[in-house]
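Peer 1: Chains as they are written, first to last, in our numbering: chain A, 1 to 248; chain B, 1 to 253.
Fair warning: there could be bad hints in the mix.
Ranges between beta-carbon positions, derived for each pair [claimed, not checked]:
(1) A/R113 with B/R238: 32 to 42 Å
(2) B/K239 with A/V167: 53 to 63 Å
(3) A/A31 with B/R241: 42 to 52 Å
For the record, the hints were derived by calculation from the structure and aren't laboratory data. Nothing here was measured: the structure is a model prediction, and the numbers come from that model. Note that the Cβ used here is the ideal one computed from N, Cα and C, for glycine as well.
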Amino acid sequence: MASVGDARLGSAAQQQAWWPQVIPVILGLGAFAVYATLRAFEGAYFQWGPYLSPFYSPLIDVHHKYWPFSPALLILGGPLGFRVTCYYYRKAYYRAFFLDPPACAAPEKPGRRYRGETRFPFILQNAHRYFLYLAVIFMAFLWHDAVRSFFFEDGIGVGVGSIVLLVNVSLLSLYLVSCHSLRHLVGGKLDCFSCTTFGRPRYKTWRSLSALNEHHMLFAWISLFGVGLADFYVRLVSSGAIRDLRLL
Amino acid sequence: MAEATLKIFRGTREGGTPAEYHVPVAPGMVVLDALHYVQQHQAPDLAVRWNCKAGKCGSCSAEVNGRPRLTCKTRMDTLPQDKPIAILPMKSFPVIKDLVTDVSWNYKVNKKIPPFQPRAGVEWKMYQEDVDRVQEFRKCIECFLCQNVCHVLREHDKQEQFGGPRFFVRVAGLEMHPLDALNRTGLLKNELGIGFCNITKCCTEVCPEDIHITDNAIIPLKERVVDDFYDPLLGLVRKIRNAVSPSKRQPNE
């Protein structure tokens with residue numbers, strides 16, 4: 001149902017510049033993907049003292065009894081799936097990597113067959129809530145790691161790494177609790193809060209999660225960089241490139 | 001007084017060309033004022049649909065410098081005046097004349113949606129907490145800017161399979177209504193094609209009523225479709241529950 005107006009006036013002057021919106025997403029997600037892949041396959045420098053890299057948590061078969069490759073490869077599918085199927089990241093990568101659309105009201109390459117999320121592989125985005133369940137399990141391990149990072153061989157203390165891991169898990173928690181699927185499961189699926197058992201607390205929780213949900217994009221980005229930086233810090237300390245500074 | 005150059009589409013669905021008009025820019029002037037100036041002084045046959053000039057009737061939608069907007073809410077002083085301001089009809093709908101488009105397809109889609117149907121024997125009493133969400137959706141003024149900007153309609157011409165953001169907002173208002181008896185997830189999945197939406201949020205970006213279309217209507221509806229069609233665990237729970245007490249019914253049941 002394209003109109004003649006578009007055909008006659010679709011000059012470059014009418015089109016908004018969409019590259020400035022897309023390039024930061026390509027750089028941000030691309031850089032993280034490259035770094036995370038390299039680190040996942042490295043299989044070394046993921047642990048020092050009470051610190052464990054979030055890329056390797058929970059640590060499974062570290063002595064390669066059953067799995068000959070990097071232990072990170074056993075677990076990264078969970079967090080990766082949660083991010084890939086996340087409603088915010090979907091918007092980001094559909095625009096930046098698939099140019100579908102590159103920006104609002106920007107023209108797309110003609111003749112492409114579009115099926116949205118109705119067919120394989122993108123119909124799998126509907127599994128987001130299952131990755132949410134997995135992410136909750138991962139968060140439990142990451143909180144355990146963050147608390148454990150305060151327990152050094154010579155007793156309880158605070159290192160820069162302890163703070164890094166604590167900030168990291170806090171940012172990841174904000175990203176998780178602002179999730180659209182969690183908001184739905186907690187109360188969004190209800191039509192009537194006042195007619196449901198525990199309706200009032202569910203309504204209040206839903207409202208709180210809705211407020212956080214408005215910042216889901218922000219939490220998605222800062223938690224992404226946070227987890228990358230936390231891993232990088234553990235790698236630096238573990239490889240001996242820097243010494244962990246003990247604050248207390 | 002400063003002067004702006006407007007480059008307005010003039011023509012019908014058979015064809016047209018851009019025409020340039022020069023308009024003096026007064027303080028507080030909006031694009032619709034400029035179009036009225038052109039009508040009054042230079043082109044009395046310029047076709048523009050408008051009504052309230054207050055951002056509430058949703059009639060004056062057009063594309064100003066490539067962005068879908070209400071012309072009555074777009075101030076001239078927010079647009080760069082050093083080059084012509086391009087004003088085009090909405091791309092997703094057929095042009096009738098100049099800036100007026102045929103939006104009747106939307107009304108056909110609207111007819112597919114079963115209206116509000118109260119639960120039998122319901123007490124007509126609602127609490128604020130139950131209608132918070134629905135009230136946001138009632139702000140829609142049907143300007144169809146969201147329909148126009150949605151790339152599923154605009155670039156992929158899925159009018160036969162896809163309802164568009166405006167009607168997801170309408171369905172959300174019905175689905176989340178505390179007294180409504182119908183379940184419209186089957187309609188959303190099969191007839192309104194909610195799966196075609198890849199949630200790129202352009203509808204939210206252009207909404208003049210600031211309705212959070214994607215986050216508050218489309219994504220919650222997608223989650224409800226997942227509940228009913230893609231979640232095997234919930235499917236099992238539903239079967240057990242339905243055996244005990246029947247849930248909301250689909251319109252064709």
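Peer 1: Against each hint, give a clear statement of whether it holds in the structure.
Peer 2: Hint check:
| no. | hint | in the structure |
| --- | --- | --- |
| 1 | A/R113 with B/R238: 32 to 42 Å | holds, 34 Å |
| 2 | B/K239 with A/V167: 53 to 63 Å | violated, 45 Å |
| 3 | A/A31 with B/R241: 42 to 52 Å | holds, 47 Å |
When the structure is compared with the earlier hints, a violation turns up for hint 2 alone.
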